[in-house]
Every structure is written in structure tokens, then in C-alpha cells.
Amino acid sequence: MEEQRTIAVTVNGKKHSNEVPVRLTLADYLRTVLKLTGTHLGCEHGVCGACTILLDGQSARSCLMLAVQADGHEIMTVEGIAPSADKLHPLQEAFRDNHGLQCGFCTPGMLTTLIEFLRDNPDPTEQEVRIAISGNLCRCTGYQGIVNAALDAAKRMKSAPA
Amino acid sequence: MKPPPFQYHDPKTVAEAVSLLGSLDNAKLLAGGQSLMPMLNMRFVLPDHVIDLNRVEGLSGIKEAGGVLEIGAMTRQRDIEFSDLVKTKCPLLHQAIMQIGHRQTRNRGTIGGSLCHLDPAAELPSVAAAHDATIVVAGPNGQREIKFANFPVAFMTPSIELNEMVTAIRFPLWSANHKAAFVEFSRRHGDFAIVSAAVLLEQDGGGKISRASVTIGGVAVAPVRATAVEQAITGQVASVDLFRTACESCRTIEALADVHASADYRQHLAAVLSRRALERATGLGSQAAVH
Chain A
1 MEEQRTIAVT
11 VNGKKHSNEV
21 PVRLTLADYL
31 RTVLKLTGTH
41 LGCEHGVCGA
51 CTILLDGQSA
61 RSCLMLAVQA
71 DGHEIMTVEG
81 IAPSADKLHP
91 LQEAFRDNHG
101 LQCGFCTPGM
111 LTTLIEFLRD
121 NPDPTEQEVR
131 IAISGNLCRC
141 TGYQGIVNAA
151 LDAAKRMKSA
161 PA
Chain B
163 MKPPPFQYHD
173 PKTVAEAVSL
183 LGSLDNAKLL
193 AGGQSLMPML
203 NMRFVLPDHV
213 IDLNRVEGLS
223 GIKEAGGVLE
233 IGAMTRQRDI
243 EFSDLVKTKC
253 PLLHQAIMQI
263 GHRQTRNRGT
273 IGGSLCHLDP
283 AAELPSVAAA
293 HDATIVVAGP
303 NGQREIKFAN
313 FPVAFMTPSI
323 ELNEMVTAIR
333 FPLWSANHKA
343 AFVEFSRRHG
353 DFAIVSAAVL
363 LEQDGGGKIS
373 RASVTIGGVA
383 VAPVRATAVE
393 QAITGQVASV
403 DLFRTACESC
413 RTIEALADVH
423 ASADYRQHLA
433 AVLSRRALER
443 ATGLGSQAAV
453 H
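Chains A and B are the protein sequences, given in the same order.
Start counting the first sequence at 1; every next residue gets the next number (our numbering).
Start counting the second sequence at 163; every next residue gets the next number (our numbering).
For the record, the hints were derived by calculation from the structure and aren't laboratory data.
Each residue gets a CB set at the ideal place from its N, CA and C atoms; glycine is no exception.
Zero decoy hints are in this set.
Below are the SDA-like pairs computed for lysine to any residue, each with C-alpha atoms no more than 25 Å apart in a straight line: (1) B/Lys249 to A/Gly57; (2) B/Lys249 to A/Asp123; (3) B/Lys249 to A/Arg130; (4) B/Lys164 to A/Thr6; (5) B/Lys190 to A/Thr6; (6) A/Lys35 to B/Pro200; (7) A/Lys155 to A/Arg119; (8) B/Lys174 to A/Thr6; (9) B/Lys164 to A/Glu3; (10) A/Lys15 to B/Met163; (11) B/Lys164 to A/Val11; (12) B/Lys249 to B/Val230; (13) B/Lys164 to A/Pro21; (14) B/Lys164 to A/His40; (15) B/Lys174 to A/Asp56; (16) B/Lys164 to A/Glu19; (17) B/Lys164 to A/Thr32; (18) A/Lys155 to A/Ala85; (19) B/Lys174 to A/Asn18; (20) B/Lys174 to A/Gln58; (21) B/Lys164 to A/Glu2.
Calculated from the model, a selection of chain A residues having no Cβ within reach of chain B, i.e. all distances over 12 Å: (22) Asn12; (23) Gly13; (24) Asn18; (25) Gly38; (26) His40; (27) Glu74; (28) Gly80; (29) Asp86; (30) His89; (31) Asp97; (32) Pro122; (33) Leu151; (34) Ser159.
Output of the computed footprint for chain B on chain A, the stretches with three or more beta carbons under 8 Å from beta carbons of chain B: (35) 21-33; (36) 61-72; (37) 109-118.
Based on the provided sequences and hints, a complete structural model is requested.
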């Protein structure tokens, strides 16, 4: 019989308690148990960055964590970035306005990664942005739009902090 | 589900973890998970038991005492990256950390996990070799210490028993004004190095090198100390010509060949990168940008 455990996790401010198999990854927990399918799974072995979430405010690849390891912790996923259902976060607006996405597969990981990065470094250089997103693969944009969006978002967030 | 079925254990103390290691067959320790989790997801490893160290008390922290920097095994690479103590006292470790993976992996990855995984291309084993670090290990009979030179025994195999675990790493510090440089060649930022070079130097007032440590990573199953280079430059005044001549000996280091690079190419990189690291440490030469 597969070992199960009950975990309590706060996701995007909402508390959840679920019984899960101990081998379930955090990414699969978010997607299949909580139905938060905004977190994308690309490679499932820690290379593509699409599944990036914030664990207690720090970015992490949710495919490289077990759901049981998140017990007692706070998670933020891409669904938790926008301030409300009808309003985008300045970072999301900057992505829209700068062609920061095309197919959108890498976008959840790009956004969560950049939320942490711009919080820690509100006035980055282009080179710093490129290093910050070096762990996130995008196959559509060639990264230029994403870099422009991140730099634009930094400006927007300084003039109107989210 | 990607990972294979296993029983999960999350001990709260080192004693509990060691006792689980002693009583369970085919168990794997889970540290930061940045190597073990991909291996589980790809089913390269099929453990019956996973012992998660993330809730064990007292395994993380950075402290300095008596000229030694001691870092707990479960200290995240992120915390080493942002440590002022590491930046000022052990700059080689700081420089190396910046070249490991990405923000998302350094937030989780640990120093003890990387050393025990012992990937030939990893940065942290090279720093441990360069600093003649001591690995502190806990087992059923208490604690013992292993010199890093004796730590790797084979490909990705450290000299710790199945019922033992690493609890801390001790880096003997060099003088306050020592020089350090860590350079590596990889195809993309954040990738494992194909070859890396780690350099520590002490110089007297006239620029003469009084102490040198030169380590090449990625050429063999474990980091190699380039003792011929160390000997050739010790007692000499640092210069571009001295480094160029001395580093030629790296072309004779026995090197691995794999899909990423031939043995010849690795030897070439060893000579070039060790020279660049020495130039960067001393502020000489062109200091061409390398990642």
C-alpha cells in the first residue's frame, strides 16, 4: 500500500489540508490535487524552470520538491501574483505590453522567478535580468521581450508598488 | 507520478537520522533535492526509503572559530552566497557559489548534498579540495573527520559508510589578504563546468608567491590538485609569463573523455583556465571574461 500523509499548506494565502502519497511532487500536488494548473511542467527534472513557485518567498522548482516537504510552509504560484481577478500585477502588465510571452508555457516560471528577483533587486541591469532568468527556458521569444518586460516592470513597480 | 514508490522518513535530529540509516535497507538521504529529485523523477535511483534531512535541527549555519570556517551540511547554497562572512573570509567559496545553477536551485541546494553527490563537474568539491577542507561525519559510533583529499573514493562515491551522514564542512581559512579566483568553462550560464580552476594565493610585500593552491575540477572523477603548478609558482614573483609556463603542466593531467569534451580538450582547458584563474587572482593579464 502506497504510503500517504496529511499535509497542511498555505497556497496563495489560502489554507489547504490534504492526504497525499509521499512520493507526489509539489508540482503535481498543486496541479492535480489543488487544480492550480497555472504552474506548468516542462521537463520534470529541474532544467526548464516552468514549474517555479515561491516557497516562503523564495523561488524553487516545484518538480524537485515533494508535497510532504511543503507541509507547514507557504507557497505562492502564478495564480497568486495578480492583486485581484480583474487587475494584473505590474509585472504581468509589462509582459503583455512588451511581448514577454508568445505561447505562454514558460510564463508562470518567468513571472514567479522575476517576482522574487525584482523584490530583491528593484533596479536591475539588463545583464542581471538575463542571469536571473537563466534557469528558465523559453522557446518562442528569444528572451528579448522577456528582458524588456522585466526592465519595464522594474520601472512600473518603482512608480506604483504593487 | 514520476518518482518510484518509497517510504518517507523525516527525522528531527541527527541521532534519529543515523539510527534510521542503520536500520533501513536501500535508503537515500534527501538534502536540497536538486540532484536526488531529478534522479528519482527519471527513476535512475529506486530507493526503498527516503530520509529527508530538511527537518533535522542544527544542520545549518555558518560560523568562524580559530581560523576555520565551519558550514553546516544542510546550509543552503543561497545562504552561503549572501553570507558576508563567506564573502570576506572565504572569497573562493563565494565566487564558486555564484556559478552553481540558478537562483531557484541555490535556494534549495545544500553544501553537504553537493559534496556527497560528488559530481565530477560540481563546483563545491573543488573549493573543498582547494581549501583542504575537513568533512565532519556522524555515525552510530559518534563523530569522525575525513580530510577532503581522502573523501572521494570513486566516481560519485564519497568515503562515508551506509550508516553515516555528513554534518558539517570545515574550511581552514587563509590569511586575511589572500587572493582567490574560481573560473570555469561551461556551455551555458549555470550549467555544470566542463572544466573549472580554483586558485588560492598568498604573496609577500614584493609580489613573491609564498603559498599557492591550484585545483582543477571536471577533468577527473574528483577534483585534482595541480601540485606541479603550485610548486612551480611558489617562491616566484607573480607574472603572466610565470603563470603561462607553469600551467602548461596541466596538459599532462589524466583527463576524462565523455559526450561533452574529449580528454585532450579537457587538458587544454585545464591549462588555460588555471592560467586565467591565477591572472584573475593577482590582477594580471587580460582577464578575459570567462564564465
